[in-house]
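Following the hints, position chain B against chain A.
Which chain is which? The protein sequence lines are A and B, in order. Counting in UniProt numbering, the first sequence runs from 1 upward without gaps. Counting in UniProt numbering, the second sequence runs from 1 upward without gaps.
Wrong hints could be hidden among the right ones.
Chain B regions said to be covered by chain A (calculated; three or more residues, Cβ under 8 Å) [what the hints assert, rightly or not]: (1) 112-121; (2) 540-552.
Computed list of lysine-lysine pairs in DSS-like fashion (alpha-carbon distance at most 30 Å, straight line) [unchecked claim]: (3) K11/A - K284/B; (4) K204/B - K214/B; (5) K710/B - K550/B; (6) K214/B - K179/B; (7) K133/B - K179/B; (8) K82/A - K55/A; (9) K319/B - K294/B; (10) K576/B - K144/A; (11) K299/B - K319/B; (12) K214/B - K82/A; (13) K126/A - K603/B; (14) K178/B - K204/B; (15) K319/B - K293/B; (16) K606/B - K126/A; (17) K133/B - K178/B; (18) K119/A - K576/B; (19) K576/B - K126/A; (20) K89/A - K214/B; (21) K284/B - K319/B; (22) K319/B - K710/B; (23) K204/B - K564/B; (24) K650/B - K294/B; (25) K550/B - K706/B; (26) K710/B - K606/B; (27) K299/B - K271/B; (28) K144/A - K606/B; (29) K271/B - K168/B; (30) K214/B - K178/B; (31) K326/B - K299/B; (32) K319/B - K345/B; (33) K126/A - K706/B; (34) K293/B - K144/A; (35) K168/B - K214/B; (36) K205/B - K144/A; (37) K403/B - K271/B; (38) K82/A - K144/A.
Since the hints were derived computationally from the structure, they do not count as laboratory data. Cβ coordinates follow ideal geometry from the N, Cα and C atoms, glycine included.
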Amino acid sequence: MPSYSLNINSKSYVVDVPEGTSLLWVLREHLGLTGTKYSCGIAQCGTCTIHIDGKPSKACVVPINGVANGERIKTIEGLSEKGDHPVQKAWVEEQVPQCGYCQSGQIMQAVALLEQNPKPSREEIKSFMNPVMCRCGTYMRILKAIERASESSTL
Amino acid sequence: MKNDPKILPERGFTRREFLKSSGGVALFIGASGLMSQLISCSDTEGIKEQLEKHPITAWVQITEDGEITIYNPAAEMGQGSMTSLPLLFAEEMDADWSRVRVEFSPQESDIYGSEGWAPGSKLMFTVGSRTTKAYYPVMRKAGAQARYILRSSAADHWGVPLAETSTKNSEVIHTSGKKISYGDLVPYLTVPEDMPDISENDLKKQEDFELVGKYIPRTELPSKTDGSAQFAIDIILPNMVYAVLERGNLHGASPTLLNEAEILAMDGVLKLVPFDYAIGVVAKSLEQALSAKKQLNIKWGDSPASGFNSQEVYATYEKIANQADKGRILNEIGSVDNAASIAAKSYTADFKNDYVYHAQMEPLNAIIQVAEDGQSAEVWVGSQQGPDTKLGVPDILGIPPEKVNVHLQYLGGGFGRRSMNDFVEECAFIAKEMAPLAVKLMWTREDDVGYGAFRPLSLQRLRASLDNQGNITGFSHCVIGDGGHLVASGARNDHYNIPNQLVEWRSATHGVRLKHWRAVGHGANKFAIECMLDEVAFQQNMDPVALRRKLMANSPRALATLEKVVEISNWNGPLKEGRAKGVSFVEHGSLGTGVCEISVDRKTGKIRVHHFWIAVDAGVIVQPDNVKAQMEGGIIMGMSSVLNEQITIKDGRVEQSNYHNYPLLRMQDVPDSIETVLIDSNEIPEGVGETATPMVAGAIANAFLKLTGKRLRHIPFTPERVLAILNS
Numbered sequence: 001m002p003s004y005s006l007n008i009n010s011k012s013y014v015v016d017v018p019e020g021t022s023l024l025w026v027l028r029e030h031l032g033l034t035g036t037k038y039s040c041g042i043a044q045c046g047t048c049t050i051h052i053d054g055k056p057s058k059a060c061v062v063p064i065n066g067v068a069n070g071e072r073i074k075t076i077e078g079l080s081e082k083g084d085h086p087v088q089k090a091w092v093e094e095q096v097p098q099c100g101y102c103q104s105g106q107i108m109q110a111v112a113l114l115e116q117n118p119k120p121s122r123e124e125i126k127s128f129m130n131p132v133m134c135r136c137g138t139y140m141r142i143l144k145a146i147e148r149a150s151e152s153s154t155l
Numbered sequence: 001m002k003n004d005p006k007i008l009p010e011r012g013f014t015r016r017e018f019l020k021s022s023g024g025v026a027l028f029i030g031a032s033g034l035m036s037q038l039i040s041c042s043d044t045e046g047i048k049e050q051l052e053k054h055p056i057t058a059w060v061q062i063t064e065d066g067e068i069t070i071y072n073p074a075a076e077m078g079q080g081s082m083t084s085l086p087l088l089f090a091e092e093m094d095a096d097w098s099r100v101r102v103e104f105s106p107q108e109s110d111i112y113g114s115e116g117w118a119p120g121s122k123l124m125f126t127v128g129s130r131t132t133k134a135y136y137p138v139m140r141k142a143g144a145q146a147r148y149i150l151r152s153s154a155a156d157h158w159g160v161p162l163a164e165t166s167t168k169n170s171e172v173i174h175t176s177g178k179k180i181s182y183g184d185l186v187p188y189l190t191v192p193e194d195m196p197d198i199s200e201n202d203l204k205k206q207e208d209f210e211l212v213g214k215y216i217p218r219t220e221l222p223s224k225t226d227g228s229a230q231f232a233i234d235i236i237l238p239n240m241v242y243a244v245l246e247r248g249n250l251h252g253a254s255p256t257l258l259n260e261a262e263i264l265a266m267d268g269v270l271k272l273v274p275f276d277y278a279i280g281v282v283a284k285s286l287e288q289a290l291s292a293k294k295q296l297n298i299k300w301g302d303s304p305a306s307g308f309n310s311q312e313v314y315a316t317y318e319k320i321a322n323q324a325d326k327g328r329i330l331n332e333i334g335s336v337d338n339a340a341s342i343a344a345k346s347y348t349a350d351f352k353n354d355y356v357y358h359a360q361m362e363p364l365n366a367i368i369q370v371a372e373d374g375q376s377a378e379v380w381v382g383s384q385q386g387p388d389t390k391l392g393v394p395d396i397l398g399i400p401p402e403k404v405n406v407h408l409q410y411l412g413g414g415f416g417r418r419s420m421n422d423f424v425e426e427c428a429f430i431a432k433e434m435a436p437l438a439v440k441l442m443w444t445r446e447d448d449v450g451y452g453a454f455r456p457l458s459l460q461r462l463r464a465s466l467d468n469q470g471n472i473t474g475f476s477h478c479v480i481g482d483g484g485h486l487v488a489s490g491a492r493n494d495h496y497n498i499p500n501q502l503v504e505w506r507s508a509t510h511g512v513r514l515k516h517w518r519a520v521g522h523g524a525n526k527f528a529i530e531c532m533l534d535e536v537a538f539q540q541n542m543d544p545v546a547l548r549r550k551l552m553a554n555s556p557r558a559l560a561t562l563e564k565v566v567e568i569s570n571w572n573g574p575l576k577e578g579r580a581k582g583v584s585f586v587e588h589g590s591l592g593t594g595v596c597e598i599s600v601d602r603k604t605g606k607i608r609v610h611h612f613w614i615a616v617d618a619g620v621i622v623q624p625d626n627v628k629a630q631m632e633g634g635i636i637m638g639m640s641s642v643l644n645e646q647i648t649i650k651d652g653r654v655e656q657s658n659y660h661n662y663p664l665l666r667m668q669d670v671p672d673s674i675e676t677v678l679i680d681s682n683e684i685p686e687g688v689g690e691t692a693t694p695m696v697a698g699a700i701a702n703a704f705l706k707l708t709g710k711r712l713r714h715i716p717f718t719p720e721r722v723l724a725i726l727n728s
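Just chain A, with the same shape it has in the complex (with noise of 0.2 Å):
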């Protein structure tokens, strides 16, 4: 079987996995690393969306030899210390989630929105967030706290 040599949230990490093997398993079940969710496996609800140098992207659909070559892969768990992130308290001070189950996506594609965008309009933060899909329903939240985020920019 063959070895990756990954770099998430700045440390490096090996594993041996089928070429092809989506980034996604190799994060949750192989890494232990569950902070990234899996719901659809096709790329249509971004529930697992993690940054790729920088991007948001979907980890059930990137294959880990993609990935394996130095690219800066960012998660949940790297996105802070403490839970601290702007873009996090936020999320707490306006009592986003509900199942929670969706809220990692969320977070790091609002956190790729306001990285290149520190002041998105309402539109294009309902346009930037359309990727990531909530069944209970918490969208509403979601805008105010990125507006929130935004307003308190220190990203």
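Here is chain B on its own, set in the frame of chain A:
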């Protein structure tokens, strides 16, 4: 007899515990502090039995440094039980909320259950919006009992009368001003000889609440923002193996595997496990199990669903509705036939509802480890629990329930789907084969959709009869569909004053798996009722609000929600060009009236919801912000199901497979605002999880009628359907 808590064995107990069972309370003093276990029986044998099973079960634990752990007996699926129930306990205990930690209680309904449906029974079952209502008296009384013990222990310690003590913020206070913290009291805790039963009068008055009704952030939310909240799917155990099943999309069809040898030869595959309706694959890794699942060559037999076409069945349902014979009568007041025979006007309409799917974001999964000797098991699962808190596992393993330990995890969405145990039983069946290896059983999203258990398809035929004054004198509601309560709930009108009413259910069976789906039959039935009222108003040229106002004259609480929502939505105010408002009322435990404002793109048929306003009377509000969150989420889920979601079945096979062909509402389609007003009340709290969702269809369809003069009577209101209606 006042025992020193450090004096040990009592009635043969060997642990460091002190047992007292008078007044319905058993209190244990353990090594780390107080564990107040409340068992309603005074039967010491029963308590002893519980103790032997669960040496540290309790509602609360206090450490000497003042940290308080309160146990939550309900599932947490986003509805907030992890905060609301412990909050009730802490309120009556006068605990310092900042020092409270919350954990799930053990899954033992005889200790932690609320009142069940059968008299004298107890139940742990997070369904039907019953949690807050059912546990409101339980948690308050338990908290008050803990407070009593703390006070009496302090009184004894100080040698003062109990009446001279009070409590506040985790301290017992003497009239002299002397204070002792709950933590400092731990070494002195004793159970009073004459532990009184706590009555309603001993509980706090609503105006004295310091936590209930206030803004309290939800306890587990920080863990849901940093990836640390643990769902069952996140469990990883040493030497764990992975199981997946291929179930097909024809419910109940039996499989014949045609390439067993090939599958068994695949990398990592450990075992094939046949089920009546599926083939299970066990492999060393998840990716190996999934690869093998893809390669399975299965010949499927027929099932009771074979030949069933969901979109053609409405013609059959209409014929059933036309039959003169009544179905099962679910509610009858007066005579709707008499009312019809003398009516000045009668209106009849049919309403249709396609199947919908739960689409909880966490696909079903469970982790079970059976001991090598097969005599015990550990289960990790996100479950809405059930009449059997061990979720069917003991029967499959052939062992007593007390040998199965269920570790409840957060649920990545429930919505009713996790109140059935099919996925847990599948895992137990495989774990038995694989003992002592732990087995993680995963459903893929395709499994979750294709082998889903849906809200049933249904047809509602309603008839309203009016006298010559325009009063509704008769209202009949015939539900046709599979699943009994699943299609029929919510068809009664207890808050509309109509002298003659009939609700009946006529059954049809198709072999498709069905299940409770948020608000159950209310979704379809409130849609039909609320649209029928607006049909009457439309025909009579009446304001829909004025019509409901008249009907609610004898239901002041319902009427208050109507009046409030009329006010906050500015019902009679000016509207932007191309917009209209619609109203809809729902009772689901709590009472709510909603108003939405919509527009429609006449080229595409796409409906846009701009605003939603809700007024809700849920009795005493335990967590106001959380009630609002439930209303917002309920509206969004309602919009999603009403505007987009549709499971169709062709020749018995589910045609959808994942989110690409079962789309949920996304951020781009949210309203500009969802505004909720909570009506002040001192009535017992009612559930709020299922009040908003079933008001959506009626409100949208009623707004559409006002806007276009046309009727939406088939859920979902997809752009194609809307366009067809606009062009009709």
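Hints and how they fare:
Only residues whose beta carbon comes within less than 8 Å of a beta carbon in chain A count, and the region 112-121 of chain B has 0; fewer than three means the coverage is violated. Here the region 540-552 of chain B counts 0 residues with a CB under 8 Å from a CB of chain A, which misses the bar of 3, and the coverage is violated. The hinted pair formed by K11/A and K284/B meets the criterion: a straight-line CA distance of about 26 Å does not exceed 30 Å. At roughly 15 Å between alpha-carbon atoms, K204/B and K214/B fall within 30 Å of each other, so this suggested pair holds.
The suggested pairing of K710/B with K550/B holds, with an alpha-carbon distance near 25 Å, which does not exceed 30 Å. As the CA atoms of K214/B and K179/B are separated by approximately 26 Å, the hinted pair is consistent with the 30 Å bound. With a CA separation close to 35 Å, the supplied pair K133/B and K179/B exceeds the 30 Å bound. A threshold of 30 Å between alpha carbons decides the hint, and for K82/A with K55/A the separation of about 22 Å falls inside it, so the pair holds.
With a CA separation close to 42 Å, the supplied pair K319/B and K294/B exceeds the 30 Å bound. Distance restraint check for K576/B and K144/A: the Cα-Cα separation of roughly 25 Å lies within the 30 Å cut-off, and the hinted pair is therefore satisfied. Restraint check: the Cα-Cα separation between K299/B and K319/B comes to about 36 Å, which exceeds 30 Å; the hinted pair is violated. Restraint check for K214/B and K82/A: satisfied, since their Cα atoms lie roughly 27 Å apart, inside the 30 Å limit.
Under the criterion of a C-alpha separation no larger than 30 Å, the hint pairing K126/A with K603/B is consistent with the structure, at around 23 Å. Only pairs whose Cα atoms come within 30 Å are accepted, and K178/B paired with K204/B is accepted, the gap being roughly 23 Å. Between K319/B and K293/B the CA atoms are separated by roughly 43 Å; this puts the pair beyond 30 Å, and the hint is violated. Proposed proximity of K606/B and K126/A is supported: the alpha carbons are some 18 Å apart, at most 30 Å.
Note on K133/B and K178/B: the hinted pairing is violated, with a Cα-Cα distance of about 38 Å set against a maximum of 30 Å. Simply put, K119/A and K576/B have alpha-carbon atoms about 29 Å apart, close enough for the 30 Å limit, and the pair holds. Taking the CA atoms of K576/B and K126/A, the gap is near 23 Å; set against the 30 Å cutoff, the hint holds. Between K89/A and K214/B the alpha-carbon distance is near 21 Å, which keeps this suggested pair within the 30 Å criterion.
Only pairs whose Cα atoms come within 30 Å are accepted, and K284/B paired with K319/B is rejected, the gap being roughly 54 Å. Between K319/B and K710/B the alpha-carbon distance is near 25 Å, which keeps this suggested pair within the 30 Å criterion. A threshold of 30 Å between alpha carbons decides the hint, and for K204/B with K564/B the separation of about 29 Å falls inside it, so the pair holds. A distance of roughly 23 Å separates the Cα atoms of K650/B and K294/B; the hinted pair therefore holds under the 30 Å criterion.
Our distance criterion of 30 Å between C-alpha atoms is met by K550/B and K706/B, whose separation comes to about 20 Å. Of the supplied pair hints, the one linking K710/B and K606/B holds, its CA atoms being roughly 15 Å apart against a limit of 30 Å. Between K299/B and K271/B the CA atoms are separated by roughly 19 Å; this keeps the pair inside 30 Å, and the hint holds. At most 30 Å may separate the alpha-carbon atoms for a hinted pair to count; K144/A and K606/B meet this at roughly 26 Å.
Annotation: proposed proximity of K271/B to K168/B is violated, straight-line Cα distance about 60 Å (limit 30 Å). The hinted pair formed by K214/B and K178/B meets the criterion: a straight-line CA distance of about 29 Å does not exceed 30 Å. Pair hint K326/B plus K299/B does not hold up; C-alpha atoms about 42 Å apart against a cutoff of 30 Å. Between the alpha carbons of K319/B and K345/B the distance comes to roughly 24 Å, so the proposed pair stays at or under 30 Å and holds.
Taking the CA atoms of K126/A and K706/B, the gap is near 29 Å; set against the 30 Å cutoff, the hint holds. Between K293/B and K144/A the CA atoms are separated by roughly 42 Å; this puts the pair beyond 30 Å, and the hint is violated. Distance restraint check for K168/B and K214/B: the Cα-Cα separation of roughly 17 Å lies within the 30 Å cut-off, and the hinted pair is therefore satisfied. Distance restraint check for K205/B and K144/A: the Cα-Cα separation of roughly 35 Å exceeds the 30 Å cut-off, and the hinted pair is therefore not satisfied.
Annotation: proposed proximity of K403/B to K271/B holds, straight-line Cα distance about 26 Å (limit 30 Å). A hinted pair counts as satisfied when its Cα atoms are at most 30 Å apart, and K82/A with K144/A qualifies at roughly 22 Å.
In this structure, the earlier hints numbered 1, 2, 7, 9, 11, 15, 17, 21, 29, 31, 34 and 36 are contradicted, and the remaining ones agree with it.
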